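Q: So the chains spell out like this:
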Amino acid sequence: MFLGMTQVDQFESIFRSALTDTYEYALPEVNSVLLVTDRNETDVQDYLKDIQKFLSVLGTSVTWSVLNADDYKTTQDLLDRVDQEKPDIICSYRNLKSKDWVFKHSLGSYLDVLIQRAKSPVLVLPHPDADYVHDHAMQNTDKVMAITSHLSNDHQLINYALRFTQSNGSVFLSHIEDQMTFDRYVGIISKISAIDTDEAREKISEQLLKEPAAYIESCKQTLLDNNSPVTVENIVMFGHHLSEYKKLVLDHKIDLLVMNAKDHDQLAMHGMAYPLAVELRQVPLLML
Amino acid sequence: MDAEHIETAQHAVTTVTPSITALFGIILTLMIVSLAAEEKLHAKKSVIVGVFAIISLLLGSFLGIIPIGAVTVPGGHHIDMPVYIPGIDWKVIAIIVGSSVFVDVTSKSGLFTWIAIVLTKASKGDPVKLLWSYGLMTVIFSAVLNNVTAMIIVGSLTVVSLGKLGRSHQLLHFLLIEGLLTNIGGLLTLISSVPNIIVGGAAGISFVAFFIKAAPFVIVATAATIFMGAKIFKITALKTEEEKQEAAHLIAGFNENDGIESRAFFWFSTAMLIAFILTIATTSILPVVKDLGMGFVALAFATIMLIRYKAEADKFYKAVDWDLIGFFMGLFVVINVMEHAHVLDAIGKAVQFMIGEGETSFGTGVLLISSAVFSSVTDNIPLAAMLAKILVSLGTATDSTLWWSVVFGANLGGNLTPIGSASTLVAVTIMHKHKVPLSFAGFVIKALPFAIMQITLATIYVLVF
Numbered sequence: 001m002f003l004g005m006t007q008v009d010q011f012e013s014i015f016r017s018a019l020t021d022t023y024e025y026a027l028p029e030v031n032s033v034l035l036v037t038d039r040n041e042t043d044v045q046d047y048l049k050d051i052q053k054f055l056s057v058l059g060t061s062v063t064w065s066v067l068n069a070d071d072y073k074t075t076q077d078l079l080d081r082v083d084q085e086k087p088d089i090i091c092s093y094r095n096l097k098s099k100d101w102v103f104k105h106s107l108g109s110y111l112d113v114l115i116q117r118a119k120s121p122v123l124v125l126p127h128p129d130a131d132y133v134h135d136h137a138m139q140n141t142d143k144v145m146a147i148t149s150h151l152s153n154d155h156q157l158i159n160y161a162l163r164f165t166q167s168n169g170s171v172f173l174s175h176i177e178d179q180m181t182f183d184r185y186v187g188i189i190s191k192i193s194a195i196d197t198d199e200a201r202e203k204i205s206e207q208l209l210k211e212p213a214a215y216i217e218s219c220k221q222t223l224l225d226n227n228s229p230v231t232v233e234n235i236v237m238f239g240h241h242l243s244e245y246k247k248l249v250l251d252h253k254i255d256l257l258v259m260n261a262k263d264h265d266q267l268a269m270h271g272m273a274y275p276l277a278v279e280l281r282q283v284p285l286l287m288l
Numbered sequence: 001m002d003a004e005h006i007e008t009a010q011h012a013v014t015t016v017t018p019s020i021t022a023l024f025g026i027i028l029t030l031m032i033v034s035l036a037a038e039e040k041l042h043a044k045k046s047v048i049v050g051v052f053a054i055i056s057l058l059l060g061s062f063l064g065i066i067p068i069g070a071v072t073v074p075g076g077h078h079i080d081m082p083v084y085i086p087g088i089d090w091k092v093i094a095i096i097v098g099s100s101v102f103v104d105v106t107s108k109s110g111l112f113t114w115i116a117i118v119l120t121k122a123s124k125g126d127p128v129k130l131l132w133s134y135g136l137m138t139v140i141f142s143a144v145l146n147n148v149t150a151m152i153i154v155g156s157l158t159v160v161s162l163g164k165l166g167r168s169h170q171l172l173h174f175l176l177i178e179g180l181l182t183n184i185g186g187l188l189t190l191i192s193s194v195p196n197i198i199v200g201g202a203a204g205i206s207f208v209a210f211f212i213k214a215a216p217f218v219i220v221a222t223a224a225t226i227f228m229g230a231k232i233f234k235i236t237a238l239k240t241e242e243e244k245q246e247a248a249h250l251i252a253g254f255n256e257n258d259g260i261e262s263r264a265f266f267w268f269s270t271a272m273l274i275a276f277i278l279t280i281a282t283t284s285i286l287p288v289v290k291d292l293g294m295g296f297v298a299l300a301f302a303t304i305m306l307i308r309y310k311a312e313a314d315k316f317y318k319a320v321d322w323d324l325i326g327f328f329m330g331l332f333v334v335i336n337v338m339e340h341a342h343v344l345d346a347i348g349k350a351v352q353f354m355i356g357e358g359e360t361s362f363g364t365g366v367l368l369i370s371s372a373v374f375s376s377v378t379d380n381i382p383l384a385a386m387l388a389k390i391l392v393s394l395g396t397a398t399d400s401t402l403w404w405s406v407v408f409g410a411n412l413g414g415n416l417t418p419i420g421s422a423s424t425l426v427a428v429t430i431m432h433k434h435k436v437p438l439s440f441a442g443f444v445i446k447a448l449p450f451a452i453m454q455i456t457l458a459t460i461y462v463l464v465f
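Protein chains in written order, with our numbering: chain D, 1 to 288; chain A, 1 to 465.
In isolation and in its complexed conformation, chain A is listed as follows (with noise of 0.2 Å):
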């Protein structure tokens, strides 16, 4: 339900003074700080932005700001509703629940895996070509599941094949690399990563001008990025036949079939994968479908895939990310209070003085170069969430670029710190359960020479394309 259309005070709003923005502008930012330390504090993003949402709404009804009453629904109709359901996006939530449960029940296919174990032989063991295909892999991964899953995937298959093959020394390269490209591949399309889905949908890009946009910069960030991995962490190819044999040897033990319990759900799983991705990249063009949306899609996808396991359903609805979808949930509760607060306003001029009048070459590179550096201290979903909602205030047309310094910033900011981005993070948790730790600055240290150049090769590609 879109708030803004639907979102109609029946009670008297109170004047919004600037005090009153001043102080749910200090709510704000204890709730990014409080976000970015949230390792420190030991609480999930929906505990944390949850207590926020309360308190927010707590004192927004107390001061009056907030319009409470029945909403206006399309065809003039009016409900009641509490205040906290209208803020809410469930354009995205849709889409991340029936992603989720579709994805979850395609894995058991053993589609996933059968790619990258297909991948991993192919390779025939040397460590540059298990390089390539694993980057490759996780940009692919990382854009068509998400960062998080694409991580866990390639890099439990790094830990595997480097043991076999007696590397894994070079673990912790590997799956830096691997964490750094899944920020790369998160820039693919529409719905690869949530900045993209909530500055997307603001925008009003479609899925195809978004891939067409996007994905040039991808491949020649992910080969960049490759490229300079080998270079940097001294990742050579084997010299000797004997080498290549005796590693050809080890990696032939892979079985791409071991993980696949029904040959016909495996197929279909394929079939449904590509049908999905066709849907979705055709959603605002489709009769009928453009005005149920993405989301519909999503959700009608897992429903089918849901029938090969209709009786034990509920196992799958595990797999939802039900911290991902409170911490959204709550953020969209806070970010509509602080509409009404009119500390959206307050930022959105104080962006505009940052970027400048109009759309400017400056003001493009500033924008994506702080949507990097902020991205990597804290989440970058609210960064973007708030982004989105002033560009949106500011008329900010579709084919502007700053759209794109937003999506641009907002995920590769993940690749300067550990803390940047979820899935750099489990990258990190993989290298500490196998005992190859890299502490904060050691990671800072190791990854801001492909941050640099990433995010300098995204200001140029922004400025000059």
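So here's chain D without its partners, still in its complex pose (with noise of 0.2 Å):
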């Protein structure tokens, strides 16, 4: 039989388009948390002890240490005092040793580095003063979201995004397509005349949302097949990551923001890491 001659990258599509990225169970072990803070011994703990009710999900066994504000003097100091403690977690809020925190115009140099450059994530608090706080905020972890530009094959922030999810919680796995950006592409497909405008939009926005819906599926899934006891909530859209993201987070009261910090190809921090992590300061974030 006979078919006209197809054009291979026509199946190469329909192949690709069928493989979708499995999501990896293994949730991580939080066996030591580091509390940094900029306050002396004695007035840090009161603010331990709510933290740990905070992250009550992490168990009884985890070793908790503090370092305050003698224990550092410049940001070098304190990577140094991170690296010998090599804790699984980073506690730690903005603008340490500064006042700067009531302008919620940038993070500190102190957390900024401990972002980039530390190797353990970073737990993002609202600062110990702030009374911006959501008020469902800093009492548990029921409700975690993991933020991502590309939710697709990125098993490690889904397991720490469950690992911080308590019991019978939610963990709501959020993808959101900036609206602005494929916009600016749809418009200069319509300049293009061999390309349908109309079919394109529609075409590429289909697939745009399909993979991340297609991974947070086979997620569903895979927590099902090991029986965890967290129930997983989808949100693929498209739409701006700020405001999006700071109504979801009124919307369906979320706890605890997960996102990705760290980019391999440059000292600075991930694309929407920084801008979400100054402006959204009236939840706790984590930042991998």
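Heads up, some of the hints might be wrong.
[Claimed, not checked] Lysine-lysine pairs mimicking DSS-like chemistry, simulated, CA-CA at most 30 Å apart: (1) Lys44/A - Lys91/A; (2) Lys234/A - Lys244/A; (3) Lys203/D - Lys164/A; (4) Lys191/D - Lys318/A; (5) Lys124/A - Lys220/D; (6) Lys124/A - Lys435/A; (7) Lys220/D - Lys446/A; (8) Lys446/A - Lys435/A; (9) Lys203/D - Lys253/D; (10) Lys121/A - Lys210/D; (11) Lys91/A - Lys310/A; (12) Lys318/A - Lys210/D; (13) Lys73/D - Lys86/D; (14) Lys210/D - Lys44/A; (15) Lys262/D - Lys53/D; (16) Lys203/D - Lys310/A; (17) Lys246/D - Lys203/D; (18) Lys433/A - Lys210/D; (19) Lys433/A - Lys203/D; (20) Lys435/A - Lys203/D; (21) Lys433/A - Lys262/D; (22) Lys210/D - Lys124/A.
The hints are simulated quantities; they were obtained by calculation from the structure and are not laboratory data.
Predicted model, so just to flag it, every value in this text is computed and none were measured.
Relying on the hints, combine the two individually framed chains into one complex.
A: Given below as structure tokens:
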């Protein structure tokens, strides 16, 4: 039988589309937590208790240690101390040893360096003196949201989100495609006569949302297979990252946001991580 | 329409002199050389043959060697028809157009990609199992679809799956073996390749008889090619349990249902494909249908499938390979003129001289090998069309091994060079696309042991069985 000289690329596309990333379930071990503060030892005790209560999901066998204001003088000092401690998780807050936290415009040099250089994930907590913390935040972790611009094959992100989600809690796996970027590309396509604009818009948007949705489905199935007590909710949509995430945090009363921060190709933080870390101050953020 | 039955010369035809035969012989040679240099000329086959068809018709008409006038159709009616119309074998054209549309609409159901992915997953990512899966799939798809389509489907899947498994360094070897297997799969049935249709039709071989004769060879040659490929290219099985688990996990990411838009249409297409193969296989014995022929069956099934996409049927007409159709039409016209110029008689005498009187083992072997060599440097379709006409004119019996020499030689010759068949050319194109280029000489060096093995096997098979 005969079929026309169908383009090789057409079938490659069909098979690439059929090949989805499947989630690998492997929860990370969290045996030690290091709290980095700019307080003295006596002032920090109540704060430490609040954090331990908030992170009760980690269990009672976790070793807690604290670095106070006197334990480091420079960012290098801080990194050296963290290297010595080798914690599984670092907890800290914005604008250490600075009053700038009131301005809500930066992370402060210490936290900035910690997120980018420390090997361990950093849990960024709302500033202890801040009054803008959401009512539901810092109580427990029964609603955790994983944030990514490309939710596909990102097993570590999902595994950390799950590790920090309480039993019978919900983990929200979110993927928001940037509407402005998409509109810009469609605008360019609309100027190319060889491409049908409406068809391109439909097919590209469909494919952009299909991949993360398929990955989330594989997460759900794997968790079901592993009898996980956590429920997976999926949020896959177009929108503006910052405003959509702010809205989602409020709508779903999210207790913890988990996101990738390190970018192996550059010294600076991952593209989307910095603006989110600066602006989403009302809830804790786990930055990997 | 069968030109031999309906064509009647209304005008007097000039006596054909040896110089006229020689002149048209040169034209035919030039056309074959031009087809062999298709890539160098950057011209499609249809255009090359079309130009030679125009030249042949103009010269033939000018010299008065072609009969021009009304033709007689069954029932004794005379109708005016341009001389180049009855020369075309419309049965072949109908099969190709009908099958093209039928397969294209069927493929929209996701059936072929579903089969391809299910077989990939069954291999669990093991390279040897993958090679066997893809090898068998290539042969079956080549037999049921066509060689080029089979190569495109299996080749594309090979690129994606080897990439996922981190085995892109084996891409060239997989694609080469698959390319070589397309020409073996093309031997399986009467409708698997154009030379089969032309030769089988001329010889009067039925679909079932063709399959029974070709199938044992196809099975042995497929197994030998895959086994040899795994040995020569050192494609080995995964050894450790860890490697096996990782490969299985990676390949599990394929979703065979991804391309299926409608479950109902998927099953309908599956049923229609089975019905199509069964109907084609039994066309020669089905009442009413046997008079209408395989071309009618293909066109009827295509039309039924198009009902699903009735509002956008025109999109599927684009799937028809109009270059191939144009090529056939031009080729049949040229051959028709060559027949009137007695060129085919002259070639027939040369072929008879080469193979000897009657049916000898020597003649059968020589015809198979020379067909293979000829097919390796130019298109096997003109060869099949010419030899079929010549064997008919020599009064060759349906059960003669000479028909099979042409079928096996014309199909397997494509494995000697990258330009020997369209499917091996597709394999090389995919290699180049993915930056694993293979030169002409490189292809010949790598493919030669396989081609020699296959042609030797075919010669023994035709002579012994």
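Q: Now look at each hint and say whether the structure bears it out.
A: Hints, one by one, checked against the model:
no. : hint                : in the structure
1   : Lys44/A - Lys91/A   : holds (23 Å)
2   : Lys234/A - Lys244/A : holds (18 Å)
3   : Lys203/D - Lys164/A : holds (24 Å)
4   : Lys191/D - Lys318/A : holds (25 Å)
5   : Lys124/A - Lys220/D : holds (23 Å)
6   : Lys124/A - Lys435/A : holds (26 Å)
7   : Lys220/D - Lys446/A : violated (48 Å)
8   : Lys446/A - Lys435/A : holds (18 Å)
9   : Lys203/D - Lys253/D : violated (33 Å)
10  : Lys121/A - Lys210/D : holds (21 Å)
11  : Lys91/A - Lys310/A  : holds (25 Å)
12  : Lys318/A - Lys210/D : holds (29 Å)
13  : Lys73/D - Lys86/D   : holds (19 Å)
14  : Lys210/D - Lys44/A  : violated (39 Å)
15  : Lys262/D - Lys53/D  : holds (28 Å)
16  : Lys203/D - Lys310/A : holds (22 Å)
17  : Lys246/D - Lys203/D : holds (29 Å)
18  : Lys433/A - Lys210/D : holds (27 Å)
19  : Lys433/A - Lys203/D : holds (24 Å)
20  : Lys435/A - Lys203/D : holds (28 Å)
21  : Lys433/A - Lys262/D : violated (34 Å)
22  : Lys210/D - Lys124/A : holds (25 Å)
The structure fails hints 7, 9, 14, 21 (numbered hints given earlier, in ascending order).
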